[in-house]
Amino acid sequence: MSVVVRRAIRGWFACLRAGNVVTSLAVILFLLGFFWTATLADSGSPRKAVLRVLAWPGYADDDWISAFEKRFHAKVEVTFVDSDEALWARMHSAAPPPFDVLAANTAEIQRYAHDGLLAPLDLSLIPNRSRQRPYFRQLDAIGGLVTERTAYAIPFTYSSMGLIYDRKQIAVAPHSMLALWDPRYRGKVLDFNSAQHNFSFTALALGYADPFRLSPPQMKTVARKLVELRRNLLTYYTLPEEATALFVQHRVALMFGNYGTQQVESLRRAGVDVGYVIPDEGALAWLDCWAIARNSGNRELAYEWINYMLQPAIGASLTQREGLANTLTPAPGEEPRAGGQHLVWLQRVESTGQREALWQRIEAGDRLRSFRQ
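Using the numbering used here, you'd call the opening residue of the sequence shown number 1 and step up by one each time.
If you're looking for bench data, these hints aren't it; they were derived computationally from the structure. It is possible that part of the hints are untrue.
The calculated DSSO-like cross-link candidates involving lysine-lysine, where the alpha carbons are at most 30 Å apart (straight line), are [as the list claims (entries may be wrong)]: (1) K220 x K168; (2) K188 x K225; (3) K188 x K168; (4) K168 x K225; (5) K48 x K75; (6) K70 x K48.
Remember, predicted model here, so these are calculated numbers, not experimental data.
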């Protein structure tokens with residue numbers, strides 16, 4: 001409250017005590033005029049639009065946000081998640097969801113679009129798509145992004161899940177994920193602790209047409225194959241830091257690289273001479289995309305955000321800071337075939353529950369014969 005207003009109020013009380021009605025009315029009129037003017041001034045000043053972003057760490061750095069806010073005279077509020085489950089929960093934390101734009105992988109995008117949580121995209125409002133590599137502009141060729149000729153998401157960043165091997169122990173790069181079962185590497189193999197990915201990459205290695213939609217007989221065959229893999233395993237890992245420590249300490253020869261090139265860089269920083277290969281049958285890969293929430297309160301700004309994220313400077317920073325590939329330039333050391341066709345983007349699986357139940361038995365050490373029924 002200003003000094004002038006405080007003095008006017010004190011004067012008003014003094015007039016009332018003195019019984020000076022005329023003067024007190026004059027003070028009241030002054031105060032009403034003052035507050036009316038202040039209200040008009042406040043209403044005349046432009047308020048910043050707010051963009052609510054739901055994303056993974058590393059996808060909305062502070063300097064990127066500051067530049068965006070300055071350019072579009074907006075305020076960006078970011079909520080970070082650390083798992084697909086957390087992302088799903090956040091999107092269901094209110095009705096309507098309190099977010100405008102979100103980042104999710106292809107499998108989740110398919111799930112969200114199916115449940116009516118995403119807005120159809122007008123691709124003409126994202127001109128920076130022209131900067132992307134041709135493969136990533138062909139949205140209908142990437143499963144999960146287009147439904148009934150309607151696009152729901154734009155590729156942003158990705159990582160393959162290939163094989164990481166110790167060059168000192170394996171002179172020639174392996175050509176298939178089946179190398180994980182090679183008896184020469186008994187006790188020297190690391191595998192990622194995941195039901196979904198293990199069933200999918202094994203199905204891919206066995207030549208199944210769709211590693212995400214397994215028939216009951218295929219499911220049993222894959223389960224038995226994963227039981228056999230235990231003969232070669234040192235252990236399962238969960239975090240990339242854990243994998244690096246185990247690789248170094250136990251002189252691991254071969255590893256299913258769930259975190260791809262991020263793990264390669266971590267191991268090389270730890271002093272290990274490792275190689276990285278995409279198997280002949282292809283490799284699973286996650287592709288994170290930007291999408292707009294169906295109940296977004298600011299779609300115009302959401303489109304600007306997606307377009308902004310496709311700038312070369314953002315892509316270069318993403319690769320440099322996070323070790324992740326961007327969709328504008330080839331990943332360091334990447335040699336994709338036929339436009340990247342050998343990367344198999346994650347899709348929804350036939351039965352998450354069944355895979356999880358079988359995986360618990362495999363991880364617990366159930367014997368092979370129990371999976372033959």
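message = Output the indices of the hints that this structure fails to meet, ascending.
response = The structure breaks only hint 1.
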